[in-house]
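Enquirer: First to last, the protein sequences are chains A and B. Using this note's numbering, the first residue of the first sequence is number 1, and each one after it goes up by one. Using this note's numbering, the first residue of the second sequence is number 1001, and each one after it goes up by one.
All the pointers check out, no bait thrown in.
The calculated DSSO-like cross-link candidates involving lysine-lysine, where the alpha carbons are at most 27 Å apart (straight line), are:
no.	chain 1	residue 1	chain 2	residue 2
1	A	153	A	85
2	B	1085	A	153
3	B	1153	A	85
4	A	85	B	1085
Simulated from the structure, these hints should not be mistaken for laboratory data.
Protein chains: 2
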Amino acid sequence: MLREIEVALGDRSYPILIGENLLDARCAPLCALAEGRQVAIVTNPTVAGRYLAPLRAQVEPVAAGLVEVLLPDGEQYKTWESLNKVFDALLEARFDRRSLVIALGGGVIGDTAGFAAAVYQRGIDFVQVPTTLLAQVDSSVGGKTAINHPAGKNMIGAFHQPRLVLADVGTLRSLPAREIAAGLAEMLKHGAITDPAYLGELERDMARLTACEPAAMIPAVARSCEIKAAVVAADEREGGLRAILNFGHTFGHAIEAGLGYGQWLHGEAVGAGMVMAAELSARLGMLAASDRDRLVAAIAAAGLPVTGPAWPVARYLELMQVDKKAEQGVPKFVLLEGLGRAVVRRVPEADVAASIAARIG
Amino acid sequence: MLREIEVALGDRSYPILIGENLLDARCAPLCALAEGRQVAIVTNPTVAGRYLAPLRAQVEPVAAGLVEVLLPDGEQYKTWESLNKVFDALLEARFDRRSLVIALGGGVIGDTAGFAAAVYQRGIDFVQVPTTLLAQVDSSVGGKTAINHPAGKNMIGAFHQPRLVLADVGTLRSLPAREIAAGLAEMLKHGAITDPAYLGELERDMARLTACEPAAMIPAVARSCEIKAAVVAADEREGGLRAILNFGHTFGHAIEAGLGYGQWLHGEAVGAGMVMAAELSARLGMLAASDRDRLVAAIAAAGLPVTGPAWPVARYLELMQVDKKAEQGVPKFVLLEGLGRAVVRRVPEADVAASIAARIG
Chain A
1 MLREIEVALG DRSYPILIGE NLLDARCAPL CALAEGRQVA IVTNPTVAGR
51 YLAPLRAQVE PVAAGLVEVL LPDGEQYKTW ESLNKVFDAL LEARFDRRSL
101 VIALGGGVIG DTAGFAAAVY QRGIDFVQVP TTLLAQVDSS VGGKTAINHP
151 AGKNMIGAFH QPRLVLADVG TLRSLPAREI AAGLAEMLKH GAITDPAYLG
201 ELERDMARLT ACEPAAMIPA VARSCEIKAA VVAADEREGG LRAILNFGHT
251 FGHAIEAGLG YGQWLHGEAV GAGMVMAAEL SARLGMLAAS DRDRLVAAIA
301 AAGLPVTGPA WPVARYLELM QVDKKAEQGV PKFVLLEGLG RAVVRRVPEA
351 DVAASIAARI G
Chain B
1001 MLREIEVALG DRSYPILIGE NLLDARCAPL CALAEGRQVA IVTNPTVAGR
1051 YLAPLRAQVE PVAAGLVEVL LPDGEQYKTW ESLNKVFDAL LEARFDRRSL
1101 VIALGGGVIG DTAGFAAAVY QRGIDFVQVP TTLLAQVDSS VGGKTAINHP
1151 AGKNMIGAFH QPRLVLADVG TLRSLPAREI AAGLAEMLKH GAITDPAYLG
1201 ELERDMARLT ACEPAAMIPA VARSCEIKAA VVAADEREGG LRAILNFGHT
1251 FGHAIEAGLG YGQWLHGEAV GAGMVMAAEL SARLGMLAAS DRDRLVAAIA
1301 AAGLPVTGPA WPVARYLELM QVDKKAEQGV PKFVLLEGLG RAVVRRVPEA
1351 DVAASIAARI G
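For reference, chain A alone in the conformation it holds in the complex (with noise of 0.2 Å):
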């Protein structure tokens, strides 16, 4: 089973290519695009354990010259140094302006080599090779890099489009339960804020795809991608509409950065920022109860937390403060008007801070 997403973005569109054993087979976008080019893979030693070999012989023997860059694993190098790791090794063998990097490996190593080749020489072509379902259906597809900074998350990047996505499932097998459902969290998300088809497959399907069965993971992410790069493709420097993929991020990024980035992942913050949104949805009359327990119900399924950490509100109020989706200090919500429908919206302090009160434990 393989399947194909266009990200249609002109002349900067770009194939997703979802799969089982992309890695070990010659995969011929990969080869055409690595064909007489210098090219660096970036990964990390955990990663590149798995499947720095297979990509390795791959691209090996296409390309005019080959560079690994080995990053350290984790959300705490997504840091300048690590940036500079892969600037040190490019200008090392004299890459120029027509090299390609491939970003193999998680969230982080996709934004840091993202944001890597977004700036080397003024932007080289990537590819990235996202080996965990978070990545896969989400920070893979897109094009935002990034790397972080004390203050906040994700402050310094660039939108740069990769030139293709390779989804290998089979690479999801190694994952740990926790970044399964991580990435779960995302594919709910994109079934609550633009298809109730979809999120009715996803509660269906919910064992088999903490399993990680191919035959269900692969048609998920598929629609995942189809989802987001449908949203990426209306609104690529995220003016308005590309907003909707944060639902759940405004209250998810102040359990992050609350807890200290890197105590729950992602994924997890999400989760419970969606169930804080849903109550938001349904406390200011948008959303059925009912749906806004279905909801939970879905994210509770998928292994996800589904209350936050038990903090006064006011430390909640506080931390959203600093979300990069405020506006000049009043920050945005998206809410769900209906399972399927998202919508941006200002509202009362008051409803968010009972929203918050409702779904911490």
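Put chain B on the given structure of chain A with help from the hints.
Expert: Below, chain B without anything else, positioned relative to chain A:
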């Protein structure tokens, strides 16, 4: 006398205003951009002492907030550390995605502040207020931003167009003669690669230009901006035509790299580099010896060096290998097929070597 040049780049088009005393009177397009937004003025201590007060007086009454960031002066500070000073200031003041950066200074400030704007929260608006001749006719036009890496100049950067450029030729009177000459190098280049009539005007007015007479300087700066804007509009991301702007630069970069950046001004290295490129063009039978000599005389009249440092030719060739215009190790050269007609060619290394040997001293 006020001249306006439009840089035509679709929805990223912007005006360049060229005049005298632009900073002292209220500038309507600048105030319109700053209105209701958080604004950061990025500059250096020397420029701040002269021009920060009048700029602040214009912006502060209309802006929603104003932050001033002083970076140390000099090419050696076009670094990640300087960039981070800008990020820290913006984040501390909670600048959001609607914020505006104003770069007040020469090319170092424009490149650094422009790159900071390019990647802060994945890109915010910026305005260039160039205060050196080189910045007014060259670096502020075209959207190239970057910082340096120990392995090479401008290796890390982005294409990020300003929303407005304000070139006040009154700021040029405080510049040392060497810096005026360095700016004239790029202006002579514009004439040499596209417009023999403009080259003739520069030759005719050279004494008034080296004296910074506004009545001579304003139309010349405007014509240079117009030429650069037209080239940039035709080739924003340096796919082809824009390469002609590198006339003299492959040699010039070698001189800068070999001396250590900051020994010669960029424009001085370009001056000697253009002599070598003209020599190479003549040697290949593309440029008449009389036109070569005419260009060399104009470069000398501007007060620029017409010979490179007396290094072994092999050293020049080695230094040119790392030039980023090199593709897979083979540098291309911008040559003249007569004055006003630039072309990009690969040429035999022996001719390159002979041209260098003829123009060192």
